[in-house]
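Please model the entire structure based on the sequences and the hints provided.
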Amino acid sequence: MATSKRGSLGNWPSVKAVELSGFKSVFSPTTVDLAPITLLAGANSSGKSSFMQALVLLKQTLEAQIDPGPLKLGGPNVHFSFADQFLSRIGKGKEASAFKLGFTFDHPGCVQLTIGRGKETPIEVREFVVEDEASKVTLRLGMTSNEIEAQLPDGYKAQTPHGFKANEIEYYVEPSRFLLNYQARLKGGPDRLLAGGGRHLFTLRLMNFLSRFIHLPGLRGHPLRRYPLAAVGKAFPGLFGPEYTASIISAWQDAKGDDAKQKLNEVGTDLHDLGLTWKVAAKRVSDAEAELLVGRLQSSVRGGAHDLVNIADVGFGVSQVLPVVVALHVAEAEQTVYLEQPEIHLHPAAQVVLARVLARAIARGVRVIVETHSSSLLLALQTLVAEGAELHPDDVRLYWFTRDPKTGETQVSPASLDQEGAFGNWPVDFGKVELQLESRYLDALDARHGAK
Amino acid sequence: MSKIVTRSIVIDADVARSAGNSPDSSGVAKACRDFLQAVLDICHHAVWTPEIAAEWKRHASRFSRKWRVQMVGRRKLDEMEALPVAGLESRVIATNDQGLLPEEISKDMHLVYAAIAAESPVASCDTAIRRRLVKALPRASELQSVIWVDPSDQAAAPLDWLKQGAPSEKQRQLGYEGT
Chain A
1 MATSKRGSLG
11 NWPSVKAVEL
21 SGFKSVFSPT
31 TVDLAPITLL
41 AGANSSGKSS
51 FMQALVLLKQ
61 TLEAQIDPGP
71 LKLGGPNVHF
81 SFADQFLSRI
91 GKGKEASAFK
101 LGFTFDHPGC
111 VQLTIGRGKE
121 TPIEVREFVV
131 EDEASKVTLR
141 LGMTSNEIEA
151 QLPDGYKAQT
161 PHGFKANEIE
171 YYVEPSRFLL
181 NYQARLKGGP
191 DRLLAGGGRH
201 LFTLRLMNFL
211 SRFIHLPGLR
221 GHPLRRYPLA
231 AVGKAFPGLF
241 GPEYTASIIS
251 AWQDAKGDDA
261 KQKLNEVGTD
271 LHDLGLTWKV
281 AAKRVSDAEA
291 ELLVGRLQSS
301 VRGGAHDLVN
311 IADVGFGVSQ
321 VLPVVVALHV
331 AEAEQTVYLE
341 QPEIHLHPAA
351 QVVLARVLAR
361 AIARGVRVIV
371 ETHSSSLLLA
381 LQTLVAEGAE
391 LHPDDVRLYW
401 FTRDPKTGET
411 QVSPASLDQE
421 GAFGNWPVDF
431 GKVELQLESR
441 YLDALDARHG
451 AK
Chain B
1 MSKIVTRSIV
11 IDADVARSAG
21 NSPDSSGVAK
31 ACRDFLQAVL
41 DICHHAVWTP
51 EIAAEWKRHA
61 SRFSRKWRVQ
71 MVGRRKLDEM
81 EALPVAGLES
91 RVIATNDQGL
101 LPEEISKDMH
111 LVYAAIAAES
121 PVASCDTAIR
131 RRLVKALPRA
141 SELQSVIWVD
151 PSDQAAAPLD
161 WLKQGAPSEK
171 QRQLGYEGT
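Protein chains in written order, with my numbering: chain A, 1 to 452; chain B, 1 to 179.
Among the clues, some could well be false.
[To be verified] Computed cross-link-like contacts, DSBU-like style, restricted to lysine-lysine with a CA-CA straight-line distance of at most 35 angstroms:
id, chain 1, residue 1, chain 2, residue 2
1, B, Lys170, A, Lys432
2, A, Lys119, A, Lys406
3, A, Lys157, A, Lys234
4, B, Lys107, A, Lys432
5, A, Lys432, B, Lys66
6, B, Lys163, A, Lys406
7, B, Lys57, A, Lys432
8, A, Lys234, A, Lys16
9, B, Lys163, A, Lys432
10, A, Lys406, A, Lys94
11, A, Lys406, B, Lys66
Hints are computed from structural coordinates only; laboratory data are not their basis.
Written out as C-alpha cells, the structure is:
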C-alpha cells in the first residue's frame, strides 16, 4: 500500500462527520462520516446534492467579500433567493423553520449551527454550540452576560484588567456570518474587547475545513481557448474550474522547486493512465490570460514534447477531467475535495482508472467526497480494496441516497467495504440495473429466435 | 409488511452456463436468468464451496460473472467447506443403471455434499443427475430430504418458490419423488 500522509496534521482536530437536518429533502438528522474517500450515490433527485449544498452554502458565505450576514444565499457554489427554498417542507408536520448542521471532529467534541428564519431579519443564526471534553457553550443572540458567563470554564473567561472588578466585565454574543462568538467588554466603558473571548479551536478548524474545501461542480463548462489567470494559494474560493486549472498549471511551470515539477509529472501520469494525454502545459498569452495545452497523443513519443494542442481542440473528456486531476494534486494533506460526477465524459475504461487516481490522492492525505452515478467507479474501488495493495477497507465509506416515495424525504443508507471489497446490505442498484439490462437484451435475442 | 424469508441455495453451475446461452430458443436460458435475478432481488444467498466456485468459473458466462459480482458485493455468497459424505458417492454409483460413467456422477456429487452440509436446497437443470440420485434413494437415505428445484421447469414454479422463501416443501424433496 502506498505510503500514506494521512493524519499529518498531528494534534489538530479534523472534521470527521457532518450531520444535517431540516435542509431541503434532508428533514431528519442525517449523518455522513467523512472517510478518505466518501462516496455518495443514489438515483437522480435523491438528495445527494442537497446534503452537500448545506456545506457549500457555508463555504460561499465564508468566502463572500462583502459580509452577507448569516448566509450568502446566491453565490457561485449554490443559489437560493429565499430561506423557504432550502428549509425542509416535506409534508404536514414536517416543515422546518431552521436547519441544523453539526460537525464532529476526530477529537471528542462538535460544533453545531442552527440557522433559520429570524424574528427581525429574514435569516438568523438561532444557536451556535461548541462542545469539547471540558465544556459545552451554547450561544444565542440576545443572551445575557450572566447566561454566557455561567457556561464558560475558567480558562475561557476574560481576564479582569488591573483596577477593575470581575463584575465590571460583561459578556455578549456577536454574530459573524454563520458563527456566533462571545466577547467581553467593560460595562459602560468604551467598547474595549478583553482577552478571553474569541473562537474555540473547533470553530477555527471548521472555518479552515470550509475555506479550503475544493468544490468541483458537475457542470464544468465548454473548454475555452484561453483562461483568465487567478492567484494560486491553498484555498480556492468559489467553484474549482478550468480557470483555476490553467492558473495552477501555469504557477507550477513557473515555480523553481522540484515539488511543482513533480506535481506536473504526476498530473501527466494520471492523464496518461486515464488514456487521455500525457502532458499538460499552460502558455501565457498575456499577463492576465493563458492557454491550456495538452499532448496531442496519449503517450509521449520521441520528439513529441512540443506536439501540443489547445484543450479546446481535443475531446471533452480531457477538459472535463483535467480540473479533477489538478484539484486532487493541488490539494494538501487533510484538504477536502468535493467532486460532483467526476466520471462525466469519461469512457468506462477511464472511469475504472479514476478509482486509482482517487486512491493515489488519498495516499497523499487528500480527502475526497465523490458524488457519482458510475457503477464502473464503484466496482473499481471495490476491486482496489479486494486487491489489497492500493486501498484499505477503511479508506472508503459509501452512502446510498433514496427518497421516500410518499413524502420525498431523503433517506441515507451507509455502508463500509470489507477486505473483499463487498458492501453487504447496501441498497445500491447500479449493478442490478446492468444485470437487468443484460437479461432484457438476451431475452430480446431469444425472442427473435423463437423462445417459448 | 411481512418479513422476507431468505435462504442459502446451492446453485449448479449449469444454471450459470445456461443463463448466458444466447440465442436460445428453448426458454431455458431465460428461465435461468430470471431465477438468478430473483435470487439476487429477493436477497437469497448462494452456498459457495470451492467445488461450486470451480464449476462456476469453468462454466461462467458474461451474465453469470456479473451476477456473481453483485452477489459478492452484497455478501450473499456463503463461503463454506462441504466434505464428502462417507460412502455416498460409491452407493450412488452402485445403483447406476443408466449407463452413466462413474465420473459423470462424481462431478455433480459436490452439489449433494453442499446441500447436506448447508441444509440448503439445490437448484439445477440437470435432470439426469436428479434421476440418478432418486434411483439411489434406497441405498442412500441421506438424499431423502434434499430439496431439488429445476429453474427451467416452469411447472415447478421456481420463481414463486423463491418468493415464498425457498421453503423445504415435501413435494420438492428427492425422497418425495422416490415414493
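Original post:
Which of the stated hints cannot be reconciled with the structure, identified by number in ascending sequence?
Top reply: Hints that this structure does not satisfy do not exist here, as all of them hold.
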